[in-house]
Structure formats: C-alpha cells, structure tokens
Amino acid sequence: MTREEMNKLVEAGVRSSVENVCTTMLGCPVEVGEPKLIGHPLQESDGVVALIGMAGPWIGTGALTCKPDLARRLAGAFLMSEYDEVNDEVLDAIAELANMVIGNLKTIIEEIVGPMGLSTPTTIYGASFTTKIGGSQEWTLIPVKVLDGDLLIQICLLPNDQGRGHHRLDIVGHMVTRG
Amino acid sequence: MPLDVLVVDDSAAIRKILQRVLAQTELPLGTILEAGDGLEAIERLKANNVGLVLSDINMPNMDGIELLTQMRANPMWKSIPVVMITTEGSQQKVLEAVDLGAAGYVRKPFTADQIKEKLVGLV
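Chains as they are written, first to last, in this note's numbering: chain A, 80 to 258; chain B, 887 to 1009.
Check each hint, because a few of them may be wrong.
To give a feel for the contact side, a few chain A residues facing chain B, derived at Cβ under 8 Å [to be verified]:
#	residue
1	Asn99
2	Met104
3	Gly155
4	Leu158
5	Glu168
6	Asp171
7	Ala172
8	Met179
9	Asn183
Below, in silico cross-link-like pairs of lysine-lysine (DSS-like), each with a Cα-Cα straight-line distance of 27 Å or less [stated by the list, open to error]:
#	chain 1	residue 1	chain 2	residue 2
10	B	Lys1002	B	Lys979
11	A	Lys87	A	Lys224
12	A	Lys224	B	Lys902
13	A	Lys146	B	Lys902
These are computed hints drawn from the structure, not numbers from a lab.
Every residue gets a Cβ at the ideal spot worked out from N, C-alpha and C, and that includes glycine.
My request is simple: use the sequences and hints to build the entire structure.
Written out as structure tokens, the structure reads:
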C-alpha cells in the first residue's frame, strides 16, 4: 500500500468512525469537513489534545484537538452531566472519545494491512502551548463540526520501516498531562 | 437473588456510562462494582460474590485477556460469564477472548440496547 492509498483510507476511515461514535455515544449529528494534508507539524494549541499511538505494519499517531468549551460540552453529552470546568472527568471523556475514533479507524486499517496495536490515550490540557512532532512527514487533518464547535482530528501513519523514530512529540507551554 | 456485576475498564467515563446503561436495562442486577484494570478486578472478585463481568481488553497493568485467563483457571470464577466491551475489532483479539470462554463481546461505540441484548441470556 502506498502512502497516498493510506491517506485515502485514513480519510474515509475517520469519516466513518467519527460519525459512528458521535451519533451512537453523543446522540448528535456531525459534519465532517474536507481533509487536508499538512507538511509542517508545528501547531499552536489552546485547549485539550488527546494522543494515541498506533503500531504494526504501519506506525504513527492520532490526535483529537478541541477548545476547552467544546471539551466540556462533548464530555457533558457523553456522560449526561454538566461540567463548568475542564476537570479529570472531562479529560477522561475526551480520551475515551479519541480511543473510540482512533480505535475504530485502526480496525478499518488493519483489515487491509494486518494487525495493529493501539496505545492508551494521553491527554494534554493547557493554554497557548505548542506541539511539534519530530520529522517532516505529512499529517492528514480532518475538521469536524459537532455540538456547535470545531473538533480537529489529525492522523499520521508511515510504513513501519520509515516511521521508527519519527514520532517524537515535543510540547512547549503550560499544561496538564494525563496518560 | 440478583447478580452483582463487575465493570472493568481503565476509563472512568466508560465505567460511568456502563453504570447508567446497566441501570436502564431493567434486568435483575445487584450491586454494580468497578475496577480500573485486571489487577483491581481480581481484588473485587476475591472480596465479592460477582455473577457477571463486563471487561475492556486494552488496559494497563493487566489486560482483559489476562483477566479472562486467570478467571478461567480459578475454580471459583471459571463459570462467571465475561462479556468483553472494547474498541478492539481485530479478529485476533476477539477469537482469543472467545477461545478463552468469553460469553460475547460488544464493540465501542455501543448502544444501551446492544448491551442489554448481550446480557439477557446471561442473567
């Protein structure tokens, strides 16, 4: 499988996965936007990021990013509760949503490329921090409109023999990390 | 006598959702106990009279496959039904759990009806 073919599979897989998770677990419609590829993995972030590693014949990372206000509303819909702040329950809910979205994507991918493993999620919450993924590989960015907010799903996968050592994540800023 | 149910998942969010879903099933269930991984689940099994286990597969410290293996090797616990609730859709993991005697599995995301359907024949 080429990287172009994998990118297409990721785009279709994320669309199917995020629609399934949001309608089943949140009971709300979603609007999945047009995916795009970026080659400069440096991002200013302000809010919640949930990261999950994938490994197997292809290796990489999936990330789910949103602002604190959307994180509270997503957790509220997921757990049928109300949250005034981003606390442990909110971070745990966002981690589990990422686990479902990336986990379902992994299931779709492994039907084509063979068994893949998934790490447990790590969540980061903070203001004005910068994330930089080592290496210069392209990431697929998929914007999602849900609960009147913007959720961003980012995936990078490389063939295992090219991907080793290229997925170091550097984070600069003030944040809370949970994993 | 209602069965006590043990919910095993490293996600507190999923444990909370399953507590709510189990309460909605109107099945004759007793106390809902929780554990964050397989090791905690073993402690709950030792201290309580558990009649049904719902377990994730991917967990730190001890995963759901190892928990199932230990339960099947223990005469006290080997007949307790275990339903796997997981994002793991791979045939490899599912077949491994079924080979070890899992009573069934439900993929995340799940609906309350899917959980109830799996449990109806077990309680």
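Verification of the supplied hints:
no.: 1; hint: Asn99; in the structure: holds, 6 Å
no.: 2; hint: Met104; in the structure: holds, 5 Å
no.: 3; hint: Gly155; in the structure: violated, 11 Å
no.: 4; hint: Leu158; in the structure: holds, 6 Å
no.: 5; hint: Glu168; in the structure: holds, 7 Å
no.: 6; hint: Asp171; in the structure: holds, 5 Å
no.: 7; hint: Ala172; in the structure: holds, 4 Å
no.: 8; hint: Met179; in the structure: holds, 5 Å
no.: 9; hint: Asn183; in the structure: holds, 7 Å
no.: 10; hint: B:Lys1002 <-> B:Lys979; in the structure: holds, 23 Å
no.: 11; hint: A:Lys87 <-> A:Lys224; in the structure: holds, 20 Å
no.: 12; hint: A:Lys224 <-> B:Lys902; in the structure: holds, 26 Å
no.: 13; hint: A:Lys146 <-> B:Lys902; in the structure: holds, 24 Å
Going down the numbered hints, you'll see the structure goes against just number 3.
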